[in-house]
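First to last, the protein sequences are chains A, B and C. Using this note's numbering, the first residue of the first sequence is number 1, and each one after it goes up by one. Using this note's numbering, the first residue of the second sequence is number 1, and each one after it goes up by one. Using this note's numbering, the first residue of the third sequence is number 1, and each one after it goes up by one.
One or more hints might be untrue.
Listed next, the stretches of chain C that the computed footprint assigns to chain A, with coverage defined by at least 3 CB atoms under 8 Å from CB atoms of chain A [as the list claims (entries may be wrong)]: (1) 181-192; (2) 286-293.
When the alpha-carbon atoms are kept at most 25 Å apart in a straight line, the in silico DSS-like pairs for lysine-lysine are as follows [unchecked claim]: (3) B:Lys90 - B:Lys175; (4) B:Lys94 - C:Lys7; (5) C:Lys62 - B:Lys90; (6) B:Lys94 - B:Lys185; (7) B:Lys185 - B:Lys175; (8) B:Lys185 - B:Lys90; (9) B:Lys90 - C:Lys7; (10) B:Lys94 - B:Lys175; (11) B:Lys94 - C:Lys401; (12) C:Lys7 - C:Lys62.
What follows is a list of derived Cβ distance ranges for each label pair [what the hints assert, rightly or not]: (13) B:Asp2 - C:Phe320: 38 to 48 Å; (14) A:Tyr220 - C:Val258: 49 to 59 Å; (15) C:Leu10 - B:Ser125: 54 to 64 Å; (16) A:Arg130 - C:Ala185: 53 to 63 Å; (17) C:Leu17 - B:Met220: 27 to 37 Å.
Derived by calculation from the structure, the hints in this document are not laboratory data. From the three backbone atoms N, C-alpha and C, an ideal C-beta is built for every residue, glycine too.
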Amino acid sequence: MSHYSETTDVDKDASTQPRNDASRAQEAAPKPPVLDAAIVEDQPESSVASAPARRTPSIGSRPVLEVEELTQDFGGLRALNELDLTVNEGEIVALIGPNGAGKTTFFNCVTGIYTPTEGRVYLYDAQKRRQLLNGRKPHDITAMGMARTFQNIRLFGDMTVLENVMIGRHCRTSAGIWGALARTRAARREEQETIDISYALLESVHLEQFWNERAHNLPYGAQRRLEIARALATNPRMLLLDEPAAGMNPQETKELEELVRRLRDSRDLSILLIEHDMGMVMSLSDRIYVMEYGSRIASGAPEEVRANPRVIQAYLGESDDA
Amino acid sequence: MDFQYFIELFFGGLTRGSIYALIALGYTLVYGIIELINFAHGEIYMLGAFTALLIAGVLGIMGFPAGGILVVAALAAVVWSAAYGYTLEKVAYKPLRGAPRLSPLISAIGMSIFLQNYVLLAQTSDYVPFPRLLPEMEFLDAIGVMGPSDFLILVTSTLAMIALSLFIRFTRMGKAMRATAQNRKMALLLGINADRIISLTFIVGSALAALGGVLIASHMGQVNFGIGFLAGLKAFTAAVLGGIGSIPGAMVGGLVLGIAESLTTGYLSGNYEDSLAFGLLILILIFRPDGILGKAKVQKV
Amino acid sequence: MINYLGKALLASCWFMLLTLPVMGIRLNTVDQTVEWQFDRVLMLGAAIFFLSMLWNWCFRRKARGLPLLGLPAALGKGLGELFRLPTRNARTRAVSLGAVLLIMLLMPHVSSFYQTNIMISALLYVMLALGLNIAVGIAGQLVLGYVAFYAVGAYSYALLNQAFGLGFWTCLPVGGFMAVLFGLALGFPVLRLRGDYLAIVTLGFGEIVRLTLLNWASLTGGSGGIKDIPAPGFFGMQMDIDVSTMFVYYIVLAAVVVTIVVISRLKNSRVGLALQALREDEIACEAMGINLARVKLSAFALSSCWAGFAGVIFAAKTSFINPASFTFMESAMILSMVVLGGMGSIVGVVIAAMILILAPEYLRAFSEYRMLIFGAIMVVMMIFRPQGLVTGERRRYRITKLHGDAAQ
Chain A
1 MSHYSETTDV DKDASTQPRN DASRAQEAAP KPPVLDAAIV EDQPESSVAS APARRTPSIG
61 SRPVLEVEEL TQDFGGLRAL NELDLTVNEG EIVALIGPNG AGKTTFFNCV TGIYTPTEGR
121 VYLYDAQKRR QLLNGRKPHD ITAMGMARTF QNIRLFGDMT VLENVMIGRH CRTSAGIWGA
181 LARTRAARRE EQETIDISYA LLESVHLEQF WNERAHNLPY GAQRRLEIAR ALATNPRMLL
241 LDEPAAGMNP QETKELEELV RRLRDSRDLS ILLIEHDMGM VMSLSDRIYV MEYGSRIASG
301 APEEVRANPR VIQAYLGESD DA
Chain B
1 MDFQYFIELF FGGLTRGSIY ALIALGYTLV YGIIELINFA HGEIYMLGAF TALLIAGVLG
61 IMGFPAGGIL VVAALAAVVW SAAYGYTLEK VAYKPLRGAP RLSPLISAIG MSIFLQNYVL
121 LAQTSDYVPF PRLLPEMEFL DAIGVMGPSD FLILVTSTLA MIALSLFIRF TRMGKAMRAT
181 AQNRKMALLL GINADRIISL TFIVGSALAA LGGVLIASHM GQVNFGIGFL AGLKAFTAAV
241 LGGIGSIPGA MVGGLVLGIA ESLTTGYLSG NYEDSLAFGL LILILIFRPD GILGKAKVQK
301 V
Chain C
1 MINYLGKALL ASCWFMLLTL PVMGIRLNTV DQTVEWQFDR VLMLGAAIFF LSMLWNWCFR
61 RKARGLPLLG LPAALGKGLG ELFRLPTRNA RTRAVSLGAV LLIMLLMPHV SSFYQTNIMI
121 SALLYVMLAL GLNIAVGIAG QLVLGYVAFY AVGAYSYALL NQAFGLGFWT CLPVGGFMAV
181 LFGLALGFPV LRLRGDYLAI VTLGFGEIVR LTLLNWASLT GGSGGIKDIP APGFFGMQMD
241 IDVSTMFVYY IVLAAVVVTI VVISRLKNSR VGLALQALRE DEIACEAMGI NLARVKLSAF
301 ALSSCWAGFA GVIFAAKTSF INPASFTFME SAMILSMVVL GGMGSIVGVV IAAMILILAP
361 EYLRAFSEYR MLIFGAIMVV MMIFRPQGLV TGERRRYRIT KLHGDAAQ
């Protein structure tokens, strides 16, 4: 355990920052669709029984991710239509909507896999500076502190579970070809650190007993958790989860929910998730955005969203008991 | 440069291009359906040429009339090549459905090498002369830009392409092929037997390639086990040029490549004929991988 | 059972019909006679009958997830132990490696000049296959024009020697460097290409290099090639052809050892992991913060470099080079070694390269069918054993928490 340390996050001084970030954020985003987190905290919790201590005091109102008027066209098809979205520090925000609403497209635009047709995506870096993400490559965006998982699991199937997580460390390590060939002291130390940090991450998602298995041999739910661990290995401050509970049984979903909450509380992490499991979304999220046909049709606290008639009509009414 | 020379080059290119187009259609059909570069397709063309040569040789020795020989040999080439194409798919590609993308490609390369050496070992490594079977066509002398074999190539390939277009557009099988190319899963759900469509695609593509093989063999007057490699690559270039997966694209691509080659050879130097095709191939794949007539695809994540 | 016999019979008939013209007819164009060779067709039919049964049997085993070669349990276990013995721990590993090295070192002293020469080319192919394995096996970038880099290395030495009188030892690094430059020149434009397009572009690139060598006669001597390339020198020592060949042998052997060490270190490094991730999934790779462009270019550069070295050695060994040595068939041969040996496996590729080069040399009957077999190997391996002969060559990780701290 000697040189295991996963606290490379630079956010430690968050509390010492002057508290005017909220107002700054509002300047930056002229018409934020944000329900202030403080309001959210005042909401009664009664409607969601299975959510003990949902909101922790760590939620700030400083944004981590800001998306303004994001539009994505594919040929003649408008997949995203002037979408605004903000995720604040320490928040868990859910993005829901019927299939084909453009949720995954949204993730792809934000993480640089697609180049948005119009609109702006900002990520606040560790020094709280607002950085424009448009035009940046996916790897660059990951290096800036935003990581993601994939809806259709994209693990490195033929590599071991540990190796999958080690690859997540790539952008936080630096050994090059020469270091590898000469096996310098620095390269070896860095490698051992990578191994140990990766193993610790596996422990945090309860996959440590599988560390030397090939990733494609893992059960489905474990693969989803491995994707999360791999994403965490890049030291993100913003984590995007694309249907993390898809294909999981209720027990696994519940564990996942605990896991996501624990990650948020223990790692200075903000989370944006796409999810179809309404129980999980309702109990886990601080705020919810609802999309339909590429546009936002509602947003707000879970209770507000589930009471919103448009949402019920578009989505909840047909698929859930809410 | 005088105009007559240009016209000759142009028609020379057209002839050559029609052959490329015939072979390119096979690449494009297969790629459209199973997204595989059928690397061994050039070898099917070579087998077509060889089969025609052998059958024509036998018939010639037995003393059949020249015109009849050509028709019978061409038919035999088409039938046997189609059978080779069908077998190729069953042996080398069908077991690899659903394998990683590069597996069938490597298998195809292996098959290409295998078939070349099969002919090399069973026959010869030399160039074998192809019998002169074409009648003199006097009316062509009046025009003066092409010989009988050029004329035959243009006419036959045009007819073949028209036939293919009609087949694809109007027949049941043709429609099923188009449906499978657009969306294999959906086609399956609608009760289209994908395996049969894939087999059919290989058969049609191989038959067209064989036709090209016979035509080129009678045009050049010789055949060799190695002719499929270069012709295949050039035809693939043509297919990519026109937009792989697109049938009109393959035809246009073939003609464009043929004419470009012919003009380069005529005005610059014959040395760069092959380099031109490869250079073109690389440039297109890099700068416009969807070709002239192809549609851009969005990468699925 | 009857079902399978029927199937085999059907396949046999089908193939006899299929091969009837090409196998059954031989034209004698001079005498204007036809030789019918039905015996060959019948023999092929018989062979297909058995092959078809074998083929179906293999598929049945594959479908049930069984290994293709099922040895009796006890024997299988014993053999498995035997094969695992050399790698069981550091000591047995060192001993077995030492033994192999010793045999290889002594080899030219006990074998004939002819055999040493064969061994040199086998080792050159080992080097080429290992180099290609970086791009194809580890990084998953199917490069079909690998021989172009080999040619670049060989011509670098030949031309630099001809023009400036530069010696082997100067040209060795230069050849490698030139190959890397070509690798990068190819790599840059193809960064965005998908796997199968990449394969075709690299094939085109290889052919363009060959055609340029062929057509640029004023520089390269065209199809006549370049003659009188000097063998490697050793401090100006005069060597007769035997000693010189032995010397080349040791150079190649050393080069192979260096290649193996470098690649095994590379494969297990941070860069190596990124290369493997590239093979598995490019999009996930990018999303994990890996700079695709950089990793792909590294793969191309690292891979082409070895071909460059091998090319220089090849030129020095044969003293004569021409474009005919650098055709697509060479690339395909090297690729089939990688495929047979196992994508990404070092031991496997070494063994496969040795088998594929040495077997045709020593089994004359085999040599005629060499390329036929190479082609068949690629197909059969892809279908029945895409991972190659040798698998399970995985790195062992030491986790401080589980295994204690190694450093102290």
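Exercise. Just pull the numbers of the violated hints for me, sorted ascending.
Key: Hint check: 1, 11, 14, 15 and 16 fail, others pass.
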